[in-house]
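Full structure from sequences and hints, please.
Here the protein sequences come in this chain order: R and Y.
Numbered by the working numbering, the letters in the first sequence go through residues 1 to 188 in order.
Numbered by the working numbering, the letters in the second sequence go through residues 1 to 188 in order.
One should not assume that every hint holds.
Claimed, not checked - Pairs of lysine-lysine residues, derived as DSS-like cross-links and limited to a Cα-Cα distance of at most 25 Å, are as follows:
id, chain 1, residue 1, chain 2, residue 2
1, Y, LYS80, R, LYS19
2, R, LYS5, R, LYS108
3, R, LYS160, R, LYS5
4, Y, LYS18, Y, LYS154
5, R, LYS80, Y, LYS19
6, R, LYS5, R, LYS154
7, Y, LYS80, R, LYS18
8, R, LYS80, Y, LYS18
9, Y, LYS5, Y, LYS160
10, Y, LYS3, Y, LYS160
11, Y, LYS108, Y, LYS5
12, R, LYS18, R, LYS160
By construction, these hints were calculated from the structure, which means they are not laboratory data.
Note that the structure is predicted; figures quoted are calculated from it, not measured.
Residues per chain, in single letters:
There are 2 protein chains.
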Amino acid sequence: MRKSKVYIALLHYPVYNKKMEVITTSITNLDIHDIARVSRTYEVDGFFLVHPLETQRGLAAQILDYWQRGYGAEYNPDRKEAFRIVRLASSLEEVLDMVAGEAGSRPKTVATDARIYPRTVAYEGLRQAIAEEPGAYVVLFGTGWGLAGELMEKADYVLKPIAAGSSYNHLSVRSAVAIIMDRLLGDR
Amino acid sequence: MRKSKVYIALLHYPVYNKKMEVITTSITNLDIHDIARVSRTYEVDGFFLVHPLETQRGLAAQILDYWQRGYGAEYNPDRKEAFRIVRLASSLEEVLDMVAGEAGSRPKTVATDARIYPRTVAYEGLRQAIAEEPGAYVVLFGTGWGLAGELMEKADYVLKPIAAGSSYNHLSVRSAVAIIMDRLLGDR
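As structure tokens, this is what we get:
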């Protein structure tokens with residue numbers, strides 16, 4: 001049993017578009033499904049869908065409801081179980097407040113990006129801290145073309161890019177979440 | 001530089017449905033995108049979309065064409081680069097013949113499943129063989145509820161389930177491909 005609590009936050013703002021302008025993206029149905037299933041598999045303590053717009057959170061709430069209480073829950077009980085982990089928030093601050101209330105202390109934030117930032121940490125060190133020391137971590141993932149620089153700067157830790165040595169590093173956020181959770185929490 | 005060639009085959013037949021009946025699934029657009037991007041990131045030698053129906057392969061060909069030669073190629077050159085790795089085949093036999101022609105010898109097949117089969121191999125051993133010994137491997141992934149038992153039995157190797165120790169192991173095939181390629185080919 002690991003000692004730390006681990007949460008995922010999928011941010012739709014502030015993130016970059018192709019031209020490196022800061023934008024707000026829309027919630028993607030398949031991100032919810034794929035990341036909820038990863039969260040349940042690796043026993044993540046909460047998966048926060050973070051969007052500033054109430055209409056977008058409302059749409060996500062309808063999808064969650066269908067798989068938790070609607071026909072989807074009856075058709076696919078495994079999905080119902082995964083969706084139980086999904087929560088909605090309007091901002092990262094709100095996520096951190098919720099987690100602080102649950103975990104008893106302010107969580108550390110862990111930013112992820114395909115770009116190389118000066119202060120990055122390796123997976124193994126963080127994996128060991130999560131396993132052996134009590135605490136709480138929120139791992140931040142950006143939709144669109146990645147988390148805005150201000151979030152990277154404010155984060156407590158910045159993880160090394162997944163494929164730092166490859167000439168190509170354009171994974172979907174769904175694939176990035178799967179790989180990073182496996183590196184931090186998977187048993188090999 | 002690794003010594004072995006590595007290919008991915010995404011099979012739409014023969015796979016199980018929820019009731020463990022053998023069925024044919026439809027090609028899913030997002031599987032192509034996510035798995036092509038993983039393939040390019042980890043320098044996979046080929047990603048085969050395998051479907052017995054010509055109409056389904058025709059649909060996939062149209063999607064590939066859009067991102068390789070249509071507006072998609074201009075809009076997103078990174079996607080164009082990833083899609084170059086994608087190939088179509090009607091059966092696993094056809095895939096193995098194509099790979100044998102390219103690699104100079106019959107490839108070994110590596111089956112993956114969330115279920116535990118009696119003869120499974122660990123990731124580390126296969127990772128080392130791929131890195132250090134010349135050869136060719138085709139890693140098989142099933143859509144729907146997983147590869148039919150006959151494919152598992154005929155495979156040269158069967159990989160351990162990703163989350164063998166978890167009480168829940170229902171990842172999307174997109175997440176499974178990402179995690180397994182990272183375990184076999186990723187640099188840590």
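Checking against the hints above, which ones are violated? none
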